[in-house]
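Novice: We have chain A already, so just place chain B on it with the hints.
Here are the chains, one letter per residue:
Protein chains: 2
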Amino acid sequence: MVEIKVGLLGLGTVGSGVVKIIASHQDRLAHQIGCPVKVTKVLVQNPEKERDVAISPTLLTTDADEVINNEEIDVVIEVMGGVEQARQYILQALRNSKHVVTANKDLMALYGTELLAIAKEHQCDLFYEASVAGGIPILRSIVDGFSSDRITKMMGIVNGTTNFILTKMSNEGKAYEDVLKEAQDLGFAEADPSSDVEGLDAARKMTILATLGFSTNVELTDVKVKGITSITEEDLSYSRDLGYTMKLIGLAKRDGNKLEVSVEPTLLPNKHPLASVQNEFNAVYVYGEAVGETMFYGPGAGSLPTATAVVSDLVAVMKNMRLGVTGNSAVSPQYEKVLKEDNEVFAKYFLRLHVKDEVGVFAKITSLFSSYDASFEKIIQMPLEEKGTAEIVIVTHRATLENYQTLLHKLEELDAVKCVKASYRIEGESK
Amino acid sequence: MVEIKVGLLGLGTVGSGVVKIIASHQDRLAHQIGCPVKVTKVLVQNPEKERDVAISPTLLTTDADEVINNEEIDVVIEVMGGVEQARQYILQALRNSKHVVTANKDLMALYGTELLAIAKEHQCDLFYEASVAGGIPILRSIVDGFSSDRITKMMGIVNGTTNFILTKMSNEGKAYEDVLKEAQDLGFAEADPSSDVEGLDAARKMTILATLGFSTNVELTDVKVKGITSITEEDLSYSRDLGYTMKLIGLAKRDGNKLEVSVEPTLLPNKHPLASVQNEFNAVYVYGEAVGETMFYGPGAGSLPTATAVVSDLVAVMKNMRLGVTGNSAVSPQYEKVLKEDNEVFAKYFLRLHVKDEVGVFAKITSLFSSYDASFEKIIQMPLEEKGTAEIVIVTHRATLENYQTLLHKLEELDAVKCVKASYRIEGESK
Chain A
1 MVEIKVGLLG LGTVGSGVVK IIASHQDRLA HQIGCPVKVT KVLVQNPEKE
51 RDVAISPTLL TTDADEVINN EEIDVVIEVM GGVEQARQYI LQALRNSKHV
101 VTANKDLMAL YGTELLAIAK EHQCDLFYEA SVAGGIPILR SIVDGFSSDR
151 ITKMMGIVNG TTNFILTKMS NEGKAYEDVL KEAQDLGFAE ADPSSDVEGL
201 DAARKMTILA TLGFSTNVEL TDVKVKGITS ITEEDLSYSR DLGYTMKLIG
251 LAKRDGNKLE VSVEPTLLPN KHPLASVQNE FNAVYVYGEA VGETMFYGPG
301 AGSLPTATAV VSDLVAVMKN MRLGVTGNSA VSPQYEKVLK EDNEVFAKYF
351 LRLHVKDEVG VFAKITSLFS SYDASFEKII QMPLEEKGTA EIVIVTHRAT
401 LENYQTLLHK LEELDAVKCV KASYRIEGES K
Chain B
1 MVEIKVGLLG LGTVGSGVVK IIASHQDRLA HQIGCPVKVT KVLVQNPEKE
51 RDVAISPTLL TTDADEVINN EEIDVVIEVM GGVEQARQYI LQALRNSKHV
101 VTANKDLMAL YGTELLAIAK EHQCDLFYEA SVAGGIPILR SIVDGFSSDR
151 ITKMMGIVNG TTNFILTKMS NEGKAYEDVL KEAQDLGFAE ADPSSDVEGL
201 DAARKMTILA TLGFSTNVEL TDVKVKGITS ITEEDLSYSR DLGYTMKLIG
251 LAKRDGNKLE VSVEPTLLPN KHPLASVQNE FNAVYVYGEA VGETMFYGPG
301 AGSLPTATAV VSDLVAVMKN MRLGVTGNSA VSPQYEKVLK EDNEVFAKYF
351 LRLHVKDEVG VFAKITSLFS SYDASFEKII QMPLEEKGTA EIVIVTHRAT
401 LENYQTLLHK LEELDAVKCV KASYRIEGES K
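Protein chains in written order, with UniProt numbering: chain A, 1 to 431; chain B, 1 to 431.
Chain A on its own, in the form it takes in the complex:
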């Protein structure tokens, strides 16, 4: 093998980073692999477009066949994004016995199991470290680093846009809309931010993490998702007063053989390792039965950080090629998936209510709580400007989701309660 030939699908932010790293780290890569690596063909939409990466125009093509059906190419790197087209290209590349590295979380969350099975069938490697938490080597830490342990909980700040927004809102007391605008101006949020702010992007990553961490087939539709669009300055201010930090947390939890996976705005104690993860940074907290608490922190996006993950995967593929052991990395899931019912999901909650400021209100709320097996850990009551109205903020003890949801519903119905303004899960106080 004189050199290893790589084809790229896409030359956007991540693709340019991949080309740059392969070019500038050539001696380091060759030292590890034992032979040079060369980018041979790159699929682009518009070869004329100006790019901030030096690449010979002869390498560019608008014909995917020149990559995926090119006999010369050993490894295909998919960094074009999107789902269906990327899936077809990857399937074709695998059928042609090409190894594949992808950064595509949408694709892996939806079709990961299928693609890994096809890869195995054709004795190909399919790696996707960059699909979760950009530059953080979290997938290989879960698969290799904790191969001897039983992971019972993962909590991820896996979306940089929403973490940037929540950090700014918390630190500067600004409103959601203003910070979103700022994030868009800085390039941290898309013009259409919905997949980020509504939690879908995080849900895709949690699907991938939960599937690997729990060795089972978690699907995107298994993830309960709630975004950050309705978080107010009041919620953040009360959270702070109570010693909590608000984060959009992807939670994947296992009790016995039963799972829950969710993405929702969550309050963490200020001392929790995830609470100090600021701005656009990502972090994944992993709890293993034997190892206990660990956390992996780093950039969740960006051209070079994400490209690092892609090229590190490429190195892994190339080492396997040199050793003749490709196609052995994917371990099929060990366990059948069993999702928890709502009466098996336990959590503490933060609850903010507007109530009538009159005698007996507290007693009514208290009695409602006890009839649903829920109780208070902390309460703040404050008068509001609106006459005859008070604001009550409650931190509950642990309750089942089923009871808590019924309780919320009954509170809304209570004559003394004007409305439930906000409700957030609290995590990270105990395992």
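Hint data in this document are derived by calculation from the structure and do not stem from the laboratory. Remember, predicted model here, so these are calculated numbers, not experimental data. Where is the CB? At the ideal position from N, CA and C, for every residue including glycine. You may find that some hints are simply not true.
[As the list claims (entries may be wrong)] Okay, derived cross-link-like pairs now, EDC-like style, lysine to aspartate or glutamate, Cα gap no bigger than 16 Å in a straight line: (1) A:K20 with B:E289; (2) B:K340 with B:E402; (3) A:K226 with A:E264; (4) B:K168 with B:E234; (5) A:K348 with A:D373; (6) B:K20 with A:E289.
[As the list claims (entries may be wrong)] Here's a subset of chain B near chain A, in silico, CB distances under 10 Å, partners left out: (7) L29; (8) G134; (9) D144; (10) A275; (11) Q278; (12) Y285; (13) V310; (14) S312; (15) D313; (16) N328; (17) V331.
Specialist: Frame of chain A; chain B shown alone:
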């Protein structure tokens, strides 16, 4: 291959953890490896000793030959500690073509290069993830996760004992001696704590990290070491006032092709990811040219966390055995080691002086600073109870170590300066 047979050298804290994890995670291990794994022989000093792990007495032996020269055994796990004896056993095991997993930082810091070469020669794997930062999969993150990047800086809180002591001193305003006593009572510090508190333990781990991260042969004697024994409550209090957190930081830094490796009490800005690492937890901050800032956090010691790392290494060995590709993991260092001279080491410093409280003192200090290319970023002056004496705390701008050391010396000689009470490096404000 019906099953993989493992021999243990040592059955102390970590060894017991290894036996427990192999016993309790049998199905998970077998699923990944494709065959069962069995502990076959365990070298102990005293077979009669009561242990908190269930193990058949017939497996115990006081004769090392029954492990290292036992033809049945495929993999030897060394968790006995110490240097010379462990080294001889491991060498013999490797010569017998047995793969080795070790948790021994002292040994790997001193003889890692030799042992890895012998392992390669005999086509054996030699893994040592547990030797640095216990349960944190930091070595494989550096080797595999950042294989495509160029690491330029690593900062580690890699000694749990000293981090526990500094956390307590900072949070509770207690003196070093009192907290040390407390740590000893809780089992976080040894009866003879010198290897921890004088920074030697951290230096061993930084030797291993720097060797891997910079792909060169860093030796223990290359590490400049300073411990925590002379840190006072005053130092911590001023640090806090200035927005810094004191940590014992192992620093490995590369500028161009020149390296520096040190372990010393260091001030970090409170916002730095390492600043919030509390108590006995460890963390390693890694800066890569492409990936930027990352951090790996978790338990640095303890029976089960450390055993997780050992058994995850064992899984890696066993996967390689099944694939027939053992002995390929060790990549020989790529670069020749060049250490920085003192005039190439740049840093900011925190400096606390007692001076005569009289006219002109400030001018003399200022003029001394400028003659050594050093300048102030922040100054605090406070009168002291002792008549005619003032305390000055200075945060310098960046200066070379050479200039700074001469400056310290000249300050001591200055008539107006009664004494230099403390001096600490500041890191983490820029790359």
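Novice: The structure should be examined with respect to each hint, and the outcome stated for every one.
Specialist: Status of the hints after comparison with the structure:
1. A:K20 with B:E289: holds (12 Å)
2. B:K340 with B:E402: holds (11 Å)
3. A:K226 with A:E264: holds (5 Å)
4. B:K168 with B:E234: At roughly 14 Å apart (the allowed maximum being 16 Å), B:E234 and B:K168 satisfy the hint.
5. A:K348 with A:D373: OK: A:K348 and A:D373 at ~12 Å, within 16 Å.
6. B:K20 with A:E289: holds (12 Å)
7. L29: For B:L29, the interface hint holds, since the closest Cβ of chain A sits about 7 Å away, which is under 10 Å.
8. G134: holds (8 Å)
9. D144: holds (6 Å)
10. A275: holds (8 Å)
11. Q278: holds (7 Å)
12. Y285: This hint holds: B:Y285 lies near chain A, its Cβ roughly 9 Å from the closest one there, short of 10 Å.
13. V310: OK, holds: B:V310 within 10 Å of chain A, min 8 Å.
14. S312: holds (5 Å)
15. D313: Holds - the Cβ of B:D313 comes within 10 Å of chain A, reaching about 9 Å at its closest.
16. N328: holds (6 Å)
17. V331: For B:V331, the interface hint holds, since the closest Cβ of chain A sits about 6 Å away, which is under 10 Å.
Of the hints listed earlier, there is not a single one the structure fails to meet.
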